[in-house]
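One-letter residues, chain by chain:
There are 2 protein chains.
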Amino acid sequence: MEYDEPKFFHVMQYASVADGDVIDMVSGNPDWEPPDALREALEAYARFPPEEFQYPPSEGLLELREAIAERRGVGVDRVVVTNGTGEANYLAMARAFERDAGSEALLMDPVYPYYPGKTDLLGGTPTLVPTHRGGGLDVEAIRAAASEETALIVLNTPNNPTGAVYDIEAIREVVAIAEAVDALVVVDEVYDAFDLSGRFESALTIDSPNVIVTSGFSKSMAITGFRVGYAILPPEHVASAKTRHMLVNVASARPSQHAVNTALRETDEAYYERARELLDERIDAFGSALDAAGAEYTRPDGAFYVLARFEGVPGTMANVKRLIDEAGVAGMPGDTFGTARKDWFRFALVTPRVEEAAGRLVDYFDG
Amino acid sequence: MEYDEPKFFHVMQYASVADGDVIDMVSGNPDWEPPDALREALEAYARFPPEEFQYPPSEGLLELREAIAERRGVGVDRVVVTNGTGEANYLAMARAFERDAGSEALLMDPVYPYYPGKTDLLGGTPTLVPTHRGGGLDVEAIRAAASEETALIVLNTPNNPTGAVYDIEAIREVVAIAEAVDALVVVDEVYDAFDLSGRFESALTIDSPNVIVTSGFSKSMAITGFRVGYAILPPEHVASAKTRHMLVNVASARPSQHAVNTALRETDEAYYERARELLDERIDAFGSALDAAGAEYTRPDGAFYVLARFEGVPGTMANVKRLIDEAGVAGMPGDTFGTARKDWFRFALVTPRVEEAAGRLVDYFDG
Chain A
1 MEYDEPKFFH VMQYASVADG DVIDMVSGNP DWEPPDALRE ALEAYARFPP
51 EEFQYPPSEG LLELREAIAE RRGVGVDRVV VTNGTGEANY LAMARAFERD
101 AGSEALLMDP VYPYYPGKTD LLGGTPTLVP THRGGGLDVE AIRAAASEET
151 ALIVLNTPNN PTGAVYDIEA IREVVAIAEA VDALVVVDEV YDAFDLSGRF
201 ESALTIDSPN VIVTSGFSKS MAITGFRVGY AILPPEHVAS AKTRHMLVNV
251 ASARPSQHAV NTALRETDEA YYERARELLD ERIDAFGSAL DAAGAEYTRP
301 DGAFYVLARF EGVPGTMANV KRLIDEAGVA GMPGDTFGTA RKDWFRFALV
351 TPRVEEAAGR LVDYFDG
Chain D
1 MEYDEPKFFH VMQYASVADG DVIDMVSGNP DWEPPDALRE ALEAYARFPP
51 EEFQYPPSEG LLELREAIAE RRGVGVDRVV VTNGTGEANY LAMARAFERD
101 AGSEALLMDP VYPYYPGKTD LLGGTPTLVP THRGGGLDVE AIRAAASEET
151 ALIVLNTPNN PTGAVYDIEA IREVVAIAEA VDALVVVDEV YDAFDLSGRF
201 ESALTIDSPN VIVTSGFSKS MAITGFRVGY AILPPEHVAS AKTRHMLVNV
251 ASARPSQHAV NTALRETDEA YYERARELLD ERIDAFGSAL DAAGAEYTRP
301 DGAFYVLARF EGVPGTMANV KRLIDEAGVA GMPGDTFGTA RKDWFRFALV
351 TPRVEEAAGR LVDYFDG
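Residue numbers (the UniProt record's numbering), protein chains in the order written: chain A, 1 to 367; chain D, 1 to 367.
Simulated from the structure, these hints should not be mistaken for lab results.
Mixed in with the good hints, there may be bad ones.
To be verified - With a Cα cut of at most 20 Å, we get these calculated EDC-like pairs of lysine to aspartate or glutamate:
1) D:242 - A:182
2) A:7 - A:120
3) A:242 - D:100
Said to hold, decoys possible - Each pair of labels, with its calculated beta carbon distance range:
4) A:234 - D:16: 20 to 30 Å
5) A:47 - D:299: 55 to 65 Å
6) A:342 - D:12: 23 to 33 Å
7) D:343 - A:239: 46 to 56 Å
8) A:44 - D:356: 50 to 60 Å
9) D:209 - A:239: 32 to 42 Å
10) D:208 - A:277: 50 to 60 Å
11) A:63 - D:172: 19 to 29 Å
12) D:312 - A:47: 15 to 25 Å
13) A:51 - D:18: 16 to 26 Å
14) A:51 - D:62: 25 to 35 Å
What the hints assert, rightly or not - To give a feel for the contact side, a few chain A residues facing chain D, derived at Cβ under 8 Å:
15) 32
16) 33
17) 34
18) 37
19) 42
20) 53
21) 56
22) 86
23) 87
24) 224
Heads up, the beta-carbon is just placed ideally off N, CA and C, and yes, glycines get one too.
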């Protein structure tokens, strides 16, 4: 298997043994509270009768699938609950390759590294397609890259790492390209709760048998360890995805599903709005610092990452370690995310110490 | 994909809409209480700070891996925590096929249907190998079937559905055969807590780079819905299994892992002993009824299933439905489990109504 262990672990390991205090801007774990209803539901579940501790339906608890279907405006039969968005992407991408419709995956550059990793695992060949400078879709580049060999196009909006929120019309054009070459489009919307632009529209609004939407609750409910995600598939692909899910995982964890189901029903919009406001404040603070440090960056429209480039200090692994040791701030090297931003650093804004980190970077680059 | 949805669901669906009361002897869900410590740990977890709700290490919580390693007498580096034993088997079987050491899997007949399902999913070819009448390993049949094309041999002890507990010397001979043809032996020991014979010995006692042992806590702690299993791999296969686990699932659910870790440390042997005593009583009661009904069966040495054959009423799907409708007892048709026991029924003893079911079968066949 041609897959290197993600560099995340290498950087976190390095930071954890560094001298002095290091602010973690590496991992994508929200640092805020989960919904109150989630805690309460899990506590109640611990006292449920033993039959509630047994296998849920393989495709997920019916009530949870219904709540997801209602929220996303689709039929419940199209919803498969998975072990996090990671498994949802795995099932969706596997479906694309097993149709004998080619073996190439078009992935947007910069790229979330699990996509090429999963492509390799599934026997496909990843092709990186450039995006526009701010991270927006370059539809013409996708059109030029697509061929009969293309089985799959993976999009992620709001985007990790660029923060771009894709224009729905651009997604629609990509779907038309996919239809023309018999490819599936997997749209990973796991950051949908973190649209800071007001422009996000789900790909579910596009009526096409070639679109699979994946998402989950890891980010929106601040529970990356609970592993509750889902895929929404066109009707003709549901049975195959369910079979693979059953053969790989049997089912996903029921305590997690129960807690998420309750939280999904009982948590109001204010919870998600507070998280967005917090991120907006952190982006303001971090952006001001990047300005002061003379860095180049694009203000994210969504998700919770910032890509930044510092004059004379490219975002290599060596310089990531230098920032850890000398500035006390841990980011990620740009080449983790494909080729487009090799000189850049990615900083995750899911730490209460964003302002402090911003100050450290200003001192370091401006000092 | 050449995999039919398991017949379990079909039978359970039929039973659930049947007229009259039906005793479920289909599903493999323990009907008794989980360990007290498991409930308490989950309740405590619900109040943990938010950082405890985030991604665990991909290979599992270190404390849980340490507890498993200590219990199984292996180095912690060999332990990968998975989303139930199902995922552990998937990872182990995938490892066998991706070595370019053939594409054939030798599976024992009767067979747990997920094994041929996973083999198909992974692009392998399943070959069923007969076992002895009571379910014990037929080493000569395995030797005759093994060839350079054999990548994998899957054993399950204590066995579902036969109840056989494999002789460790027989397993040792199978491992020698596997070494000779460069195959991996996956030994699924998920029913290890339900050895009623006192003869069970783990395949971990066999020192071979070709043995992968899988297990989990679904059955032993009566929590099939929690999805906590593990694989113990030879050192040279650990990295590949971890990579596949990461790319498919990222990690398994942390609330479940936390609860199991605590329960594993705080639950004494008496908990497991009580479950074995309960099963022994149920086997006695059910066996007496089968005797009275004139059925052929083998008393299980482990796990919690009984295979039985009734004169003139072969265990076909049609007759399973007849027993549901006319006797009020739901079992599984024998052809779910390969070819060896097509005429037999499988009854799961994980219902408090075993004696009642036994009475119904006596009335039906003897009436």
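Hint-by-hint comparison with the structure:
With a C-alpha separation of about 33 Å, the suggested pair residue 242 of chain D and residue 182 of chain A falls outside the 20 Å cut-off, and the hint is violated. A threshold of 20 Å between alpha carbons decides the hint, and for residue 7 of chain A with residue 120 of chain A the separation of about 17 Å falls inside it, so the pair holds. For the proposed pair residue 242 of chain A and residue 100 of chain D, the alpha carbon gap of about 28 Å is over 20 Å, so the pair is violated. Against the hinted window of 20 to 30 Å, the Cβ-Cβ separation of residue 234 of chain A and residue 16 of chain D comes to about 29 Å, which satisfies the hint.
As the Cβ distance of residue 47 of chain A to residue 299 of chain D is approximately 37 Å, the hint placing it in 55 to 65 Å is violated. At roughly 54 Å, the beta carbons of residue 342 of chain A and residue 12 of chain D sit outside the given window of 23 to 33 Å. Distance hint for residue 343 of chain D and residue 239 of chain A: a CB-CB separation of about 30 Å, inconsistent with the stated range 46 to 56 Å. Between residue 44 of chain A and residue 356 of chain D the CB atoms are about 32 Å apart, so this pair departs from the stated range of 50 to 60 Å.
Distance hint for residue 209 of chain D and residue 239 of chain A: a CB-CB separation of about 39 Å, consistent with the stated range 32 to 42 Å. At roughly 58 Å, the beta carbons of residue 208 of chain D and residue 277 of chain A sit within the given window of 50 to 60 Å. The hint said 19 to 29 Å for the Cβ distance between residue 63 of chain A and residue 172 of chain D, and at roughly 49 Å that hint is violated. At roughly 48 Å, the beta-carbon separation of residue 312 of chain D and residue 47 of chain A lies outside the given 15 to 25 Å, and the hint is violated.
Between residue 51 of chain A and residue 18 of chain D the C-beta distance comes to about 19 Å, which sits within the given range of 16 to 26 Å. The beta-carbon spacing between residue 51 of chain A and residue 62 of chain D, approximately 32 Å, falls within the hinted interval of 25 to 35 Å. At its closest, the beta carbon of residue 32 of chain A sits 7 Å from a beta carbon of chain D; the interface hint therefore holds under the 8 Å criterion. Hint status for residue 33 of chain A: holds, given a least beta-carbon distance of 6 Å to chain D, under 8 Å.
With 8 Å as the threshold, the beta carbon of residue 34 of chain A comes within range of chain D, its nearest partner Cβ sitting at about 6 Å, so the hint holds. The interface hint given for residue 37 of chain A is broken, as the beta carbon of that residue sits about 11 Å from the closest beta carbon of chain D, more than 8 Å. Hint status for residue 42 of chain A: holds, given a least beta-carbon distance of 4 Å to chain D, under 8 Å. Evaluation of the residue 53 of chain A hint against chain D yields a held restraint, the C-beta minimum of about 5 Å falling below 8 Å.
Interface hint at residue 56 of chain A: satisfied, since its Cβ lies 6 Å from the closest Cβ of chain D, which is below the 8 Å cut-off. Because the beta carbon of residue 86 of chain A sits about 4 Å from the nearest beta carbon in chain D, less than 8 Å, this interface hint is met. The interface hint given for residue 87 of chain A is met, as the beta carbon of that residue sits about 5 Å from the closest beta carbon of chain D, less than 8 Å. Given the 8 Å rule on beta carbons, the hint for residue 224 of chain A holds: about 5 Å separates it from the nearest Cβ of chain D.
Figure legend: structure checked against the earlier numbered hints; hints not met, in rising order: 1, 3, 5, 6, 7, 8, 11, 12, 18.
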